[in-house]
Structures are given as C-alpha cells and as structure tokens.
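J.: The residues making up each chain are set out below.
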Amino acid sequence: MATVSFRHVWKRFGNTVAVKDLNIEVADKEFLVLVGPSGCGKSTSLRMLAGLEEITEGEILIGDRVVNNVAPKDRDVAMVFQSYALYPHMTVYENMAFGLRLRKTPKQVIDQRVREAARSLGIDNLLDRRPRQLSGGQRQRVAVGRAIVREPAVFLMDEPLSNLDAKLRVEARSFISKLHQRLGTTFIYVTHDQVEAMTMGTRIAVMSAGELQQIDTPYNLYHNPRNVFVAGFIGSPSMNFFDAVLKEEDGKVIVETPAFRIPLPPAVGNMYRGHAGKRVVFGVRPEDIHDVDYQPPGILPAIIEANVEVVEQMGNEMNLYLEEQGKTFIARTDPRTQARVGKRQAVAINTSNIHLFDANTELSLAYEAKQAQPETIGASN
Amino acid sequence: MKKNPVLGWAFALPAVILLILFLIYPTLRTIQLSFTQGIAFRPEPYVGLDNYITLFTRDPFFFNLRNFPPTGAFFTTILWLILFVPIVIGLGLMIAVMANAVRYEVAIKTIVFLPMAISFTAAGIIWRFVYSPDPNTGLLNAFLMAVIPGFQPVPWLGRVDLVNFALIAAAIWLYTGFCVVILSAALKSLPSEVMEAARVDGANSWQLFWRVTVPMLWPTIVVVSTTMIINVLKAFDLVYIMTNGGPRNASRIIGFAMYHETFQNGRPGYGSAIAVVMLILVLPFVYFNIRRFRVERQ
Chain V
0 MATVSFRHVW KRFGNTVAVK DLNIEVADKE FLVLVGPSGC GKSTSLRMLA
50 GLEEITEGEI LIGDRVVNNV APKDRDVAMV FQSYALYPHM TVYENMAFGL
100 RLRKTPKQVI DQRVREAARS LGIDNLLDRR PRQLSGGQRQ RVAVGRAIVR
150 EPAVFLMDEP LSNLDAKLRV EARSFISKLH QRLGTTFIYV THDQVEAMTM
200 GTRIAVMSAG ELQQIDTPYN LYHNPRNVFV AGFIGSPSMN FFDAVLKEED
250 GKVIVETPAF RIPLPPAVGN MYRGHAGKRV VFGVRPEDIH DVDYQPPGIL
300 PAIIEANVEV VEQMGNEMNL YLEEQGKTFI ARTDPRTQAR VGKRQAVAIN
350 TSNIHLFDAN TELSLAYEAK QAQPETIGAS N
Chain Z
0 MKKNPVLGWA FALPAVILLI LFLIYPTLRT IQLSFTQGIA FRPEPYVGLD
50 NYITLFTRDP FFFNLRNFPP TGAFFTTILW LILFVPIVIG LGLMIAVMAN
100 AVRYEVAIKT IVFLPMAISF TAAGIIWRFV YSPDPNTGLL NAFLMAVIPG
150 FQPVPWLGRV DLVNFALIAA AIWLYTGFCV VILSAALKSL PSEVMEAARV
200 DGANSWQLFW RVTVPMLWPT IVVVSTTMII NVLKAFDLVY IMTNGGPRNA
250 SRIIGFAMYH ETFQNGRPGY GSAIAVVMLI LVLPFVYFNI RRFRVERQ
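Just so you know, the sequences run in chain order V and Z. Sequential numbering of the first sequence, starting at 0, is according to numbering that gives the first Met the number 0. Sequential numbering of the second sequence, starting at 0, is according to numbering that gives the first Met the number 0.
Note that these hints are calculated values from the structure, not bench results. Don't take each hint at face value.
Partial list, computed: chain V residues near chain Z (C-beta under 10 Å) [claimed, not checked]:
(1) L51
(2) F80
(3) A146
(4) R149
(5) A152
Under 7 Å between C-beta atoms, here's a sample of chain V residues computed to sit facing chain Z [said to hold, decoys possible]:
(6) F12
(7) G13
(8) P71
(9) K72
All values reported here derive from a predicted model rather than from experimental measurement. Idealized CB from N, CA, C, for every residue including glycine.
Work out the full structure, taking the sequences as your base and the hints as a guide.
T.: So, in structure tokens, the structure goes:
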C-alpha cells in the first residue's frame, strides 16, 4: 500500500520527447488508469515507475521515497505485462514462486502464498503445467497471480487484457476490479481502450503526445472534458465536432455552424455569454442527439434537420449517420426511429449537454464553471 | 491432389544418386575395408575383427590405459571434448551476452567471427607462427617475455605435455565466433518482456542470466554443443597443419589418426576401422541434433 507521485517527469529518447512534464498524484488504494492512443507516453510512464526506463528529468516517488535511482527489484512493485511475460521454462507454480525465491522467502510461506493465490484465481489445478500448455486467459491469470504473491506496494498493469478475445476481456475486467477491491492496494493500469479505462478506473489520466490532458473521475471526464482531445477520446461513438461561431442576438446566445443555428437556453447560454463573437468548436455526443419523435422528457431541445446516410440498427439503439452541408455526424437514437436512408430526418439536440471549446486553444470554455458545480453536470440527462 | 509416386521419385532421384555415390557407398565400403588389411584399398585379405582388437588392446597411440591419465588418440579426443566444448560455448555465450549490452555490437561480433572466414589451413599456419619458440616470429613467447621478466621461450607445439592445450586454444579461437553468432541470434529472439518481468520480480543481473537467460537459451546451447562435439570428433585439419600428430604422436586425435594410419602409415584397413569407430561415436549426436531440429520445427 502506497501513494505514487510523478513530479515534473520528462522522458526523452534522443530528440523525441516521449513524456512531457508529467504531474500525477496517485492516492493510496486508488485504481488509476493511464489511457491514450498508442505512442502517447502512457506505457513509458508506467515503465519509468517500474524502473525499466530511466527518468530523464523530474522525480517519481513511491510512498515518500524518491525511486529515480532505485533498481526495479527494490521498488516493491509488481507488474503484469501485455504479453504476460511468463517464464517459459518454469511451471505455473515456479513462475509464481520465482519472485519470492529471489527474496529468500521461507519455503512454507512461498508454498502457502502460491497455493492461496492460485486458489483465488481458479488456477490451482494448473500449478504443474508450463505456460505453453495454457490458454490465453489462463496465462493472464498466472501473470496476475505472479504479481499477487509478491504482495507489492503497487500493482502495475500494462495492457494486460489486450491479448484476450472480447468475451474474456469483459470477464477479466470485472475480475481485476474485484481483485483491486479485495487487495486494497494501489493499482496503476495502462490501456488504450477507453471502455476499459471508464469501467475500471477510480480516476483516469488521459494522455496524448506525451502530455497529460486531464485527470479525473470517469463521470467528470465524460461530462466535463477539459479539451477537444479528451472529449473526442472518451465515449463511443466519439463526440461530434462542428466548427462554429458563438453569437449573441437579442440577449440570446446562439451557436452558428455552416449547417445550422442552435439557440442556447438561458441556463446554458449564460455560461458562455462572455465568449460571444469567438470562433469555437461545438461538440455534442451522439447520445445527446435524438429523433424528435422519441425525445426523452425534460430535455431542452434544439431541432435541426439533416440527410440520413447510413442507418445501423443495434436492437437496443440505433446509430444514424447524418449529413448536412457536407458535414457528417452521428446520432444514437431510439431503436424505433423511422429514419430512412436518403430521406430528411428531424433530430433534437439536447442543449444542456453540449460542449464548447475555444477554436484556437481547443480548451473547454465552461470547464471551470462546470467543475465548480459538478453535481449538476448532465443532471437533465 | 493426387499423389504421383513416379514423379516424386523423379524429383528425388538426383539427390538420391548423389547420396548413394558419395555417402552411402563410401560408408559401406569403409566398413567392409575395416575387416581387412585393405592393401591398395582393396577389401583383402580378410582379417575379421583384428583391426578393432588391435586398436583397443595393442595400439598405445590410440588407446592406452597404462598411463594415468590414459593416453592415445581416443583419450586425446576426450580431452578435447572436456576442454574445448565447454570453453567455446561458455566464451561464446559470454561474448554474445556482453556484446548485446554495448554499442559497436556488430563490430565486436564481426571481429570474433572473422576466424571462421579463414580456411583452417591458413589458421593453422597463423597459429604455428604464434606458438613458434623463436621470439622473433612467435607472438606468444614474445608477449610473455615482454610481460614476465626472465621468461624463457617455450616450444608450445614441441612439448608432449603442452601440445594438446595449445591446439585446443587455437580451435577455441576458430570456433568462438561461430558460437557467438548462433547464441547471439537466439538471445535476440528472447522476449524482452520476460527479462523485464524477472527484473521487476527481483532478479539481479547474475540471477537474470543464470535463472532466466540460460534456461531460455538452453535448446540453442544444446544444439551448438552437439555441433561442437561433432566438430571435435571429426577434427583433422588443424592437427595436420600444426603438428602432424607430433611430438611423439602426442597430439593425434581420432580424425587425424584415421588419416595418419590410412595414408601416412599405409594401413587403409586399420584406418577404416578408426573411421568406423569415429562414425559410431558421432552417430548419437547427429541423431540427437536431427531430432532436436524436428522438435523445434513443430
């Protein structure tokens, strides 16, 4: 059990900057997910924490100890790798016992811990097998078991589920979440999959191009993204973005895109009034665009019309690919929607859940305002 | 697709003919010769097992249990196996692992591999110079005289007690590069995440090497070892060039003894018997290597 701190951490490989001035404070017993597209520096950050990469600049602390110059074996961390990295020449038992053997743990303690961990992971019948005789899911459990028996201060996981098939991945997700609850240890988990991040993390750090974009709870990341990148990365299908201008006419705040005009209701408009006249990026999530005939009650709708290009019937919902003035966007509507390809379709945008970003800085215009009143974010949804 | 046995044989035929002509026939002929005196390389007159009996009971230069340690070509070959194989593998592994960790890896490996590109004859001549007792041409003596004050030049290849060690050292120089290249290729193919996992698990470099790297390289180490064993069992050229089996037959090894008896002492039947002994010694290792190769492929 320990806190983890990244303080002004940089990583350079020659002239390329892999991690740029990273600052993260991870609380004890937290499940922090580092998420971002490949090459964003998330794995490098984790590897610096494990001691597998040198830190170019800055400090990493585990507990209150600076570990910059501490060897991996002395950091009291355990890591689960994407490839599982099991020792192919050892049995499952030996794989799990290896770390304890190196630490000269008494034999009985090793035996007891290995058997207990194996039982809790449901692999106690596989202890005599070698890794090549195991399925992907079993290997993954052995890799986790190898980390558990060490009883480390911090668990590090580098994309541990990406080699599993879709069904196993969903199972393993809840299995790792339960493990975190049971062990009550600090977990730091790297993934490129925002669904994994959202479902598992108590907090999520979104990274892009070596920089931390935003660190927050899954709820806040979804409802109050700090910039265009986070808004587009979290959520599936992605948020729709439109180039727009923010206008004020007769006291009303209006978002004007080449395709349509959206007058904002006063409660929403007041948040943006100070930015009138600015070029903005207007963002709205597919789930906040409804068929006018099946609007949920209580939303503040703005009605627009668009051409239907593609209809995807999912059963529980429907994805409409819409087009207006050459701009395409997606709506996730009620499955009963009567939309037909090639026809016009009227849709209602839920204006209370829209997002506006500065066109130059790509930063959210209402980030601070929404942060100050988190309990009302998305309340009308 | 229907299999056409005629066509299959037609394709295999050239290889089969070559194998019969240059491998199977000579082998059978050698076995036949080994039961005769083989005068003028004809299988006559027949002497039964005489050659083999002589070889192991009455030829002190081949098999002599009266000394301790035993002497003769058979036991000199065993000395080669005991010294040459572990040292060449150990050295190869060491250089492969160390080269892997530094820059200029390619340069290091090229230099170590270079001896393999020289013909054994040339290498033998080079080493004859190195070991020369005349410090004007003998590099080793010149070096030792420069380093150790009062050192007297040693005729490395002229002393019964030193000659085999001198030859083995030259062979190690020749073959280390081969071991380095094979082992370093295997080393590169090891998954780096496993090494990293071991480091996080608590292994220092020493434990990492002995408990993870070596076990994972083991199949390759075994194949290189058997290849080296086979090389020793059939070695001939280095001894021929450097000492011609001397002094006093002390540096004869099995491969050389076969040539020596057949061509220099004019006893083809006796030489053939040595060849058959050699074949019997090599066979298990060849079989083992082939089986290993098959397992690897599956």
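J.: It remains to establish, for every hint, whether it holds in the given structure.
T.: Hints, verified against the model:
1. L51: 5 Å, holds
2. F80: 5 Å, holds
3. A146: 9 Å, holds
4. R149: 7 Å, holds
5. A152: 13 Å, violated
6. F12: 15 Å, violated
7. G13: 14 Å, violated
8. P71: 5 Å, holds
9. K72: Nearest chain Z Cβ about 4 Å off; hint holds.
In the structure shown, a violation is registered for the earlier hints numbered 5, 6 and 7, in ascending order.
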